[in-house]
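Participant: Quick note: the sequence shown uses UniProt numbering, first residue 1, plus one each step.
Worth flagging that the hints you see were computed from the coordinates, not collected in a lab. Computed from a predicted structure; not experimentally measured. Here a beta-carbon is modelled for each residue, glycine too, at the ideal position from N, C-alpha and C. It cannot be assumed that every hint is accurate.
Claimed, not checked - Restraint ranges, calculated between C-beta atoms of paired labels, are given here:
id	residue 1	residue 2	range
1	P143	S42	31 to 37 angstroms
2	D77	N135	15 to 21 angstroms
3	S182	R255	43 to 49 angstroms
4	G82	K165	42 to 48 angstroms
5	V81	V146	39 to 45 angstroms
6	D196	L147	15 to 21 angstroms
7	P253	S227	43 to 49 angstroms
8	Q48	N163	21 to 27 angstroms
9	S42	S227	29 to 35 angstroms
10	S49	N163	14 to 20 angstroms
11	D196	P167	37 to 43 angstroms
12	S41	I153	43 to 49 angstroms
13	G213	G152	30 to 36 angstroms
Unchecked claim - Below 27 angstroms or equal to it, Euclidean Cα-Cα: the simulated DSSO-like pairs (lysine-lysine) are:
id	residue 1	residue 2
14	K193	K165
15	K148	K193
16	K148	K165
17	K211	K165
18	K211	K193
19	K193	K250
20	K250	K148
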Amino acid sequence: MKKRYQYLLKAIMTVGIGMTLVACGTSSGGGSSRHSHRADSSGMYRVQSGDTLALIARANNVNYVDIMRWNGLTNPDRIEVGWRLRVRPNASGKSVVSTPSAPPVDTSGGVSVVKAKPPASANQDLAANPEIVNNLRWVWPVPGEVLKRFDGINSKGVVLAGNLKDPVFAAANGEVIYAGNSLRGYGNMIVIKHNDTWSTVYANNSELLVKVGDRVTANQTIARMGSTEAPRVQLYFEVRWNAKQIDPLKVLPAR
Numbered sequence: 001m002k003k004r005y006q007y008l009l010k011a012i013m014t015v016g017i018g019m020t021l022v023a024c025g026t027s028s029g030g031g032s033s034r035h036s037h038r039a040d041s042s043g044m045y046r047v048q049s050g051d052t053l054a055l056i057a058r059a060n061n062v063n064y065v066d067i068m069r070w071n072g073l074t075n076p077d078r079i080e081v082g083w084r085l086r087v088r089p090n091a092s093g094k095s096v097v098s099t100p101s102a103p104p105v106d107t108s109g110g111v112s113v114v115k116a117k118p119p120a121s122a123n124q125d126l127a128a129n130p131e132i133v134n135n136l137r138w139v140w141p142v143p144g145e146v147l148k149r150f151d152g153i154n155s156k157g158v159v160l161a162g163n164l165k166d167p168v169f170a171a172a173n174g175e176v177i178y179a180g181n182s183l184r185g186y187g188n189m190i191v192i193k194h195n196d197t198w199s200t201v202y203a204n205n206s207e208l209l210v211k212v213g214d215r216v217t218a219n220q221t222i223a224r225m226g227s228t229e230a231p232r233v234q235l236y237f238e239v240r241w242n243a244k245q246i247d248p249l250k251v252l253p254a255r
């Protein structure tokens with residue numbers, strides 16, 4: 001029964017994410033957990049029994065993919081009680097690998113959570129420094145038309161058209177840091193880390209052709225288009241710079 005409850009809790013906490021890879025911007029209500037999942041003043045959180053990465057990300061208004069990157073995690077379904085996870089970026093922006101440690105002494109008092117800058121800030125930074133984009137060779141992940149554009153609020157990426165089983169290409173050289181279907185709303189999904197600041201997301205695929213740890217090159221086929229967790233055949237594509245979603249059309253070549 002406990003295992004089934006945890007599964008249902010995870011499903012409930014992740015289903016509302018919709019077609020963005022950012023956890024919801026407001027903290028969950030209704031008291032679905034007996035303890036707070038908020039970070040402490042240093043931006044760290046200690047994993048407790050029943051926690052999931054999606055639940056922790058939601059409570060701290062961040063993306064679970066970023067928590068994975070900040071802590072050197074490769075499997076979003078594997079976190080252990082006692083781990084101290086960074087759930088807000090540190091000052092240096094470097095990853096911090098978490099390890100189990102002794103339970104903390106219980107303290108009282110609220111902790112304020114510093115929210116990241118809105119995506120618009122990242123887009124403005126890129127506009128002012130176009131050489132940043134040129135650090136990578138970018139290609140379109142699919143040739144289809146743009147069905148839905150980035151707006152920074154309701155859409156944190158773009159939706160691209162295509163046909164079932166069409167190839168999905170890596171948008172730039174990098175390493176696969178996630179390949180699976182753990183989060184509802186995204187279907188079969190791939191996340192590629194290109195360097196310390198850039199990453200891309202490819203969701204709703206019918207088939208994944210790469211695995212975690214694989215090195216890929218721009219234009220390499222990494223998946224097949226599909227409609228998993230989507231109303232039609234499509235590719236949901238997201239670009240992140242310094243852990244913030246940016247408009248993919250600002251980095252992809254004009255066409």
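Participant: If a hint holds in the structure, say so; if it doesn't, say that too.
Facilitator: Going down the list of hints, with the structure as the test:
no. : hint                            : result
1   : P143 x S42: 31 to 37 angstroms  : violated, 46 angstroms
2   : D77 x N135: 15 to 21 angstroms  : violated, 32 angstroms
3   : S182 x R255: 43 to 49 angstroms : violated, 33 angstroms
4   : G82 x K165: 42 to 48 angstroms  : holds, 44 angstroms
5   : V81 x V146: 39 to 45 angstroms  : holds, 43 angstroms
6   : D196 x L147: 15 to 21 angstroms : violated, 31 angstroms
7   : P253 x S227: 43 to 49 angstroms : violated, 27 angstroms
8   : Q48 x N163: 21 to 27 angstroms  : violated, 45 angstroms
9   : S42 x S227: 29 to 35 angstroms  : violated, 42 angstroms
10  : S49 x N163: 14 to 20 angstroms  : violated, 45 angstroms
11  : D196 x P167: 37 to 43 angstroms : violated, 28 angstroms
12  : S41 x I153: 43 to 49 angstroms  : violated, 29 angstroms
13  : G213 x G152: 30 to 36 angstroms : holds, 32 angstroms
14  : K193 x K165                     : holds, 24 angstroms
15  : K148 x K193                     : holds, 24 angstroms
16  : K148 x K165                     : holds, 20 angstroms
17  : K211 x K165                     : holds, 18 angstroms
18  : K211 x K193                     : holds, 13 angstroms
19  : K193 x K250                     : holds, 18 angstroms
20  : K250 x K148                     : holds, 15 angstroms
Comparing the model with each numbered hint stated earlier shows that hints 1, 2, 3, 6, 7, 8, 9, 10, 11 and 12 do not hold.
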